[in-house]
Structures are given as C-alpha cells and as structure tokens.
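Engineer: Kindly produce the complete structure, drawing on both the sequences and the hints.
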Amino acid sequence: MIAADQTQSWIDGHSVLANAPAWLNKQRTDALTQFETLGLPGVRDEQWRYTNLRALKSTAYQLAERSALNTELPATNGTRLVIVDGYVDLEASSIDNIDVTLGSLSDMLGNTEVQAAFGTTLPVKQHGFMSLNTAYADDGYVLIIAPKLVLKDHIEVVFVNQASETVSHTRNLIIAGAHSQCTVVERHISAADNPTHLSNVITEIVTADNAHVDHYKIQQLGDAAFHIGGVFVNHASHAHVKSHNIALGGRIARNDVHCNLLGQGAHIEMNGLVVGSGAQHVDNHTQVNHLVPHCTSDEFYKTILDDQSRSVFRGRIVVAQDAQQTNADQQNNNLLLSPQAEADCKPQLEIYADDVKCSHGATVGQLDPKSIFYLKSRGISDEQAHTLLTFAFANEVIERVQVESIRTELTQLIAGELLSGLADLV
Amino acid sequence: MLVIKNLHVSVFDTPILKGLDLEVKAGEVHAIMGPNGSGKSTLSNVIAGRDGYEVTEGSIEYMGNDLTELEADERACEGIFLAFQYPVEIPGVSNMAMLKAAINSKRKYHGEDEISAGDFLKLIREKADLVEMKQEFLKRSVNEGFSGGEKKRNEILQMAMLEPKLALLDETDSGLDIDALKVVSQGVNALRSPDRAMVLVTHYQRLLDYIVPDFVHVLANGRIVKSGDKSLALELEEKGYGWIDGLQKAG
Ligand SMILES: Nc1ncnc2c1ncn2[C@@H]1O[C@H](COP(=O)(O)OP(=O)(O)OP(=O)(O)O)[C@@H](O)[C@H]1O
Ligand SMILES: [Mg+2]
Numbered sequence: 003m004i005a006a007d008q009t010q011s012w013i014d015g016h017s018v019l020a021n022a023p024a025w026l027n028k029q030r031t032d033a034l035t036q037f038e039t040l041g042l043p044g045v046r047d048e049q050w051r052y053t054n055l056r057a058l059k060s061t062a063y064q065l066a067e068r069s070a071l072n073t074e075l076p077a078t079n080g081t082r083l084v085i086v087d088g089y090v091d092l093e094a095s096s097i098d099n100i101d102v103t104l105g106s107l108s109d110m111l112g113n114t115e116v117q118a119a120f121g122t123t124l125p126v127k128q129h130g131f132m133s134l135n136t137a138y139a140d141d142g143y144v145l146i147i148a149p150k151l152v153l154k155d156h157i158e159v160v161f162v163n164q165a166s167e168t169v170s171h172t173r174n175l176i177i178a179g180a181h182s183q184c185t186v187v188e189r190h191i192s193a194a195d196n197p198t199h200l201s202n203v204i205t206e207i208v209t210a211d212n213a214h215v216d217h218y219k220i221q222q223l224g225d226a227a228f229h230i231g232g233v234f235v236n237h238a239s240h241a242h243v244k245s246h247n248i249a250l251g252g253r254i255a256r257n258d259v260h261c262n263l264l265g266q267g268a269h270i271e272m273n274g275l276v277v278g279s280g281a282q283h284v285d286n287h288t289q290v291n292h293l294v295p296h297c298t299s300d301e302f303y304k305t306i307l308d309d310q311s312r313s314v315f316r317g318r319i320v321v322a323q324d325a326q327q328t329n330a331d332q333q334n335n336n337l338l339l340s341p342q343a344e345a346d347c348k349p350q351l352e353i354y355a356d357d358v359k360c361s362h363g364a365t366v367g368q369l370d371p372k373s374i375f376y377l378k379s380r381g382i383s384d385e386q387a388h389t390l391l392t393f394a395f396a397n398e399v400i401e402r403v404q405v406e407s408i409r410t411e412l413t414q415l416i417a418g419e420l421l422s423g424l425a426d427l428v
Numbered sequence: 002m003l004v005i006k007n008l009h010v011s012v013f014d015t016p017i018l019k020g021l022d023l024e025v026k027a028g029e030v031h032a033i034m035g036p037n038g039s040g041k042s043t044l045s046n047v048i049a050g051r052d053g054y055e056v057t058e059g060s061i062e063y064m065g066n067d068l069t070e071l072e073a074d075e076r077a078c079e080g081i082f083l084a085f086q087y088p089v090e091i092p093g094v095s096n097m098a099m100l101k102a103a104i105n106s107k108r109k110y111h112g113e114d115e116i117s118a119g120d121f122l123k124l125i126r127e128k129a130d131l132v133e134m135k136q137e138f139l140k141r142s143v144n145e146g147f148s149g150g151e152k153k154r155n156e157i158l159q160m161a162m163l164e165p166k167l168a169l170l171d172e173t174d175s176g177l178d179i180d181a182l183k184v185v186s187q188g189v190n191a192l193r194s195p196d197r198a199m200v201l202v203t204h205y206q207r208l209l210d211y212i213v214p215d216f217v218h219v220l221a222n223g224r225i226v227k228s229g230d231k232s233l234a235l236e237l238e239e240k241g242y243g244w245i246d247g248l249q250k251a252g
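So the sequence lines, in the order shown, correspond to chains A and B. Sequential numbering from 3 applies to the first sequence in this note's numbering. Sequential numbering from 2 applies to the second sequence in this note's numbering.
These aren't lab readings, by the way, just hints derived from the structure by calculation. Treat the hints with care, as some may be off.
To be verified - Straight-line alpha carbon distances no greater than 27 Å define the calculated DSS-like cross-link-like pairs of lysine-lysine that follow:
id : chain 1 : residue 1 : chain 2 : residue 2
1  : B       : Lys166    : A       : Lys372
2  : A       : Lys150    : A       : Lys244
3  : A       : Lys372    : B       : Lys140
4  : A       : Lys372    : B       : Lys109
As the list claims (entries may be wrong) - Partial chain B-side listing against chain A, Cβ under 10 Å, derived:
id : residue
5  : Met99
6  : Lys107
7  : Ala221
8  : Gly241
9  : Tyr242
Glycine residues also receive a C-beta, built at the ideal position from the N, C-alpha and C atoms.
Structural biologist: Below is the structure:
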C-alpha cells in the first residue's frame, strides 16, 4: 500500500523489474533517485499553484496489477489496442488487421529502436509524477511506423481504469519513421463502477524527418478518477505533429504537452478542449521549445466550465537564441457558464532570438447576452441559445479535429440533439 | 393585431417611452420616423421582448393577449419578428444552423414535426434568391464579417424564412446602396399580405417610395406626436422635425 503523500512510501513500494534489460532498470532507478528529491508536487510549486492535489494525495493506493478487461467496449472494425490499469490486454485488442509494429512495451524492450528512443523526449526539469512514471511503468504501448508508410485509418488505444484504489503508471512510445503518416487516438475511460483510480500516463512521440503524426488524447474518465498525463514530442526536420488534447472527465486531471522542435521546418499544432462541470479540476500545461530556425507552432486551447469546475492553462513558449524566423502563436479562450466556475491562464513567452513572430492571447468570458437575445428573437429557446453559443465557442477547436467520428462525438457531447443533422451546416 | 396603450418604458430606471399609443391591424404597413434617440429602437426591442426594458405603465396587446407575459422566444414563435438596427455577429454558428434551429423551435411550439433536411434546403435556397443572397453566405457564421448592407439583407432573409405575422424592421434601409435598397424592398413587398402587418422604422422618405406605407407616425420624446398617411413623410423630408417640436409645444 502506498500513501500517496509520503515520498518514502513511493520509494519503498518500488522494485526493479526481473526481466527488464539493464538500460531500463538504470533509467528506473535514476528516476526514483530524482523523485526522492522532487517528491510529489504541492501548491507551493509555482507550476502547481492553482491545482490542489489534496484529494488525490489523501488516498492510499495499491499498485495496479495485470488484469483482464471486465468492461464492455463499443464494437470496432478498426485497429484497437486495449490497456487495462497500465497493462496491455492483447485478448481484448484487435491489432492483427494492420501491418505496423504495434504492441506491448514489455514485449519490445529488446528492440533497439525502442531503447534508442525511450526517455529522449522528457524535459530535464520534471515534476514528481514524471519521475514516478519512468520509475514505475512496466508496460504501455509501442507503435513503430516504418519510413514512408502512410496509414489512412487511425489506430485507437483505449486505456481502461478498472481497479479501485489503485495507481497505474503507463508508458507509451510512438516512433514515426521518415515521411510516414499516422493518426493515433488515445481514449482514457473508467470502468462502469467509476473506480477511484490514479492513472499516470506518459506518451513519447519521436519523429524522423518529414513524419506526420496526429495524436488525440480523449480523457473521459469518471468523476472519481485522478489522472496525470504527459505527451512529449521530439520533432525532426519538417516533421508535423498535431496534438489534440480533449479533457472531458476526471476529478482532478493534469496533462502536460511538451514539444522540442529540433529540426528546421518542423511544425507543431496543439489543440485543446476542456469541458468541465461539477467539482472537476483540469490543469493543462503546454510547452513549445523552439530550438532551431524556421519552425512554427500553433496552439489553440478552449475551455468551457460549468458549476464549480476549475481549469488551469499554462502555455510556455521558449524561443532559443538560434531559433530565428520562428513563428509561434498561442490562443487560450475560456468560457464560464456559471458564476462559481474559475479559469486561470498563464501564458509565458521567453524569447531569446530577435527575428521572430510570436503572438498570444487569452480571454475569459461568458456568453454574450446580445447574442442570446438575437437567437431568442428568432424563436430559439433560452436553453437552446446557450447550447448553440457554447457549441459555437467550442467549434473552432472541434473543426480542427480531422477524424470525422470524433468531430461528431464532440458535437453531440456539447450540442446534444440540437444540431443533429446539422453537422454539415455548421 | 397590435394594440399599444399609454406605454411607458424605462431602461435602467431612465424613462424612454412616455405614454405611447399605437394600433396596427393585420395587412397594414406602418412607418415610424423620428429624431435620433427618440425611442424607436426601444419600442421595437420592447415588443420583441428584450431583457432590461421595463414596462412601468400601459399595455401591449398582441392578437388579443398581453404580450408582456411572454419570453422573447415565445413572442417569436407567436409570429413577431424584429429585424435589428444592428444585427449581431455570432461566430461559429452558421446562418443555416441558426435558421434550422429557429424553424424547428417554431414548429415544435406549434406542435408540428421538424422540417426535413430536403425541405429546409429547398426553402432556404428559394428565400436566398428572393433577397439575392449568394449560397455561400448561408454557410457562413451569422453576420460574421458581413458588410453593413449584407447584414441587413440577412435580416430580411431570416424574416422571409420565419414568415412572421408582425414584422418590425428597425432601420433596415440604413447603410444600403441603391440596388440593395431595391432588393430589400422587393423582399419586404413580397411578404406583404392581408394577414401580415409591418412596422418600418426609418429616417428616409426614400424607403417609402419602394414600400408604400398605409400610415406614417412621428415618434418624439417617447410618444407618437403625429400620425398621417404617406404624405406626412414627404412633409417631414421638406420641413424637418423642428416643425413637429413646435407642434408638440403648441399642443
Ligand atoms: N441600454 C440602454 N442604456 C441606457 N440608455 C439607453 C439604453 N438603450 C437606449 N437608451 C437610451 O434611450 C434613448 C432612446 O434610444 P433608442 O435606441 O430607442 O433611439 P432611436 O429612436 O432608435 O434612435 P436612432 O434613430 O438613433 O436609432 C436614447 O437616449 C438612448 O441613449
Ligand atoms: Mg434606433
């Protein structure tokens, strides 16, 4: 049993992996040493100021164990990998219909590409959960896209939080070969009985020149779940990555999306959509490191908060001295539907080069009464007017979603039946 | 259809309308003219049911019922339409989506089935042609980035789609070029019918050459101070409002 608020408890709970190669066990023990100094973050840490983890820390967790899926998932004809409490469940997956390297990290530790890529995207300055992830994670998915391979259909990875009062650490790795193209949809869900589960999930994306990766993270956990996540990307020259970070659920959810633009001509698009209600707390941190010239970054996060829900957005853009001709944009718009909801946003630009174009904007607001009256004067009810305007707010981000089924799903989520049959009209 | 008696309206505790009387019957077209700030938009807004306009005295009856009891959306479903002096831009909601939602709300209110996708498209194409609006405007966000004239044309499109019983057009002619004025007037005239009434707020006699009113009223200081037929508009054009002010003082 691990008492989450005690650093020593995490250290005592750790064990090296019997069958793991030495390189991995070294990274794991190093990470644990790092954790010993870091501990778990608290409100005194600048990066966590607005996120109170008391509810997460006051729980005692067992380490999650490998178990079979006991929740029914919607049927799929596509490629789907299922991960239950941090362990790949091949029985529940359907991955044979596709000609790529896709499978369980623990099965692929001997792969030299995996060894070369593992851990290379993580920031030097980490928070305690990141170190814990490296120290503890036994499993996760690995996806290796061969050079020049272009996948038309998306690959779905479903993470199921199943056992209550457990913690799972999951580590994923996407290696995208030169000129390859793929779309990965990560979906994080809770089992039907809404377990109190802490999931700590990191996905690393390592790209070669001209690789295109569209990554979706759809976090729709139950309201008793705690989630800490990270998506970390290394961009080679002319690599294009789109990160779609869609946070719909969880009691407390924190997600970091960081990318290192390491090759000229690389492009990152970061899209975010938060829909919060009840007592939810969603904390998104993004960081774009412009390290070489001629890279572009385009960041667009939108938040919709109802009831007493809260959100944090911190967007950091660092433009190194050599990164001339950088073009970086960041927008963060927050819509508060209730007087008790609260959004904190902190854009942070650090620019050391002189020939760059950087812009950013942040807004926090409510629905415009003039627009509501305009719609009502056309016969649309107060409730529908609110729905329509809320959808309009979210739609700018939804429009950036390339996977049609996800676009429909998000439209349905926000607009309900109101816009059914209107999808092509809006 | 519309009977307004001794109407007093305050906005943020400031009295704007001060004892206004107006009766509009089915099939009639009324023009309301009057100086800036006299209360013309206030009158339109209070009939449409905008929040923040407090009726402190008097009554508004519509089709024999007390209108002030109804919410703005209920009034619209009962057949009242306001073409805004300043149409609102709504980024992210397309013209089509808004109109489909509006038509279906109205149908639901009257216990009718939703309009089919095919019927809706047919209807909107037909009405867009009526106001000579290009199809691409239908997919654009409501009024977003529309020119002043395009916004006004869009108001008439919405009116044509919703087929109101009582249409209030608040300065729909302002900002229109000569061709657009003709198009908008044609659109309005096409909707004239024995069971539909229209109230046009305008500053310009020119509009009334195209849409010939049955009555012309002058609204000043929150009241209708003079009513007449279309020749009153010509007289105003010639003499200005000073003449009316004098009239009011004398009376
Ligand atoms: N929301 C408001 N708050 C304060 N005053 C208001 C408000 N709305 C209207 N008024 C005031 O009420 C008066 C009448 O305004 P209204 O818009 O009805 O005039 P109008 O006759 O339509 O003028 P115009 O010809 O310029 O359109 C004006 O003095 C205006 O400033
Ligand atoms: Mg006005």
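Engineer: Against each hint, give a clear statement of whether it holds in the structure.
Structural biologist: Status of each hint after checking the structure:
1. Lys166/B x Lys372/A: Since the Cα atoms of Lys166/B and Lys372/A sit roughly 24 Å apart, the hinted pair holds (cutoff 27 Å).
2. Lys150/A x Lys244/A: holds, 18 Å
3. Lys372/A x Lys140/B: Distance of about 22 Å is within 27 Å: holds.
4. Lys372/A x Lys109/B: Holds, at about 24 Å.
5. Met99: Given a least distance of 7 Å, the restraint on Met99/B holds.
6. Lys107: holds, 5 Å
7. Ala221: This interface hint is violated because 26 Å lies over the 10 Å limit.
8. Gly241: With a minimum Cβ separation of about 33 Å from chain A (threshold 10 Å), the hint on Gly241/B is violated.
9. Tyr242: violated, 29 Å
Hint check: violations occur at hints 7, 8, 9; the rest are consistent with the structure.
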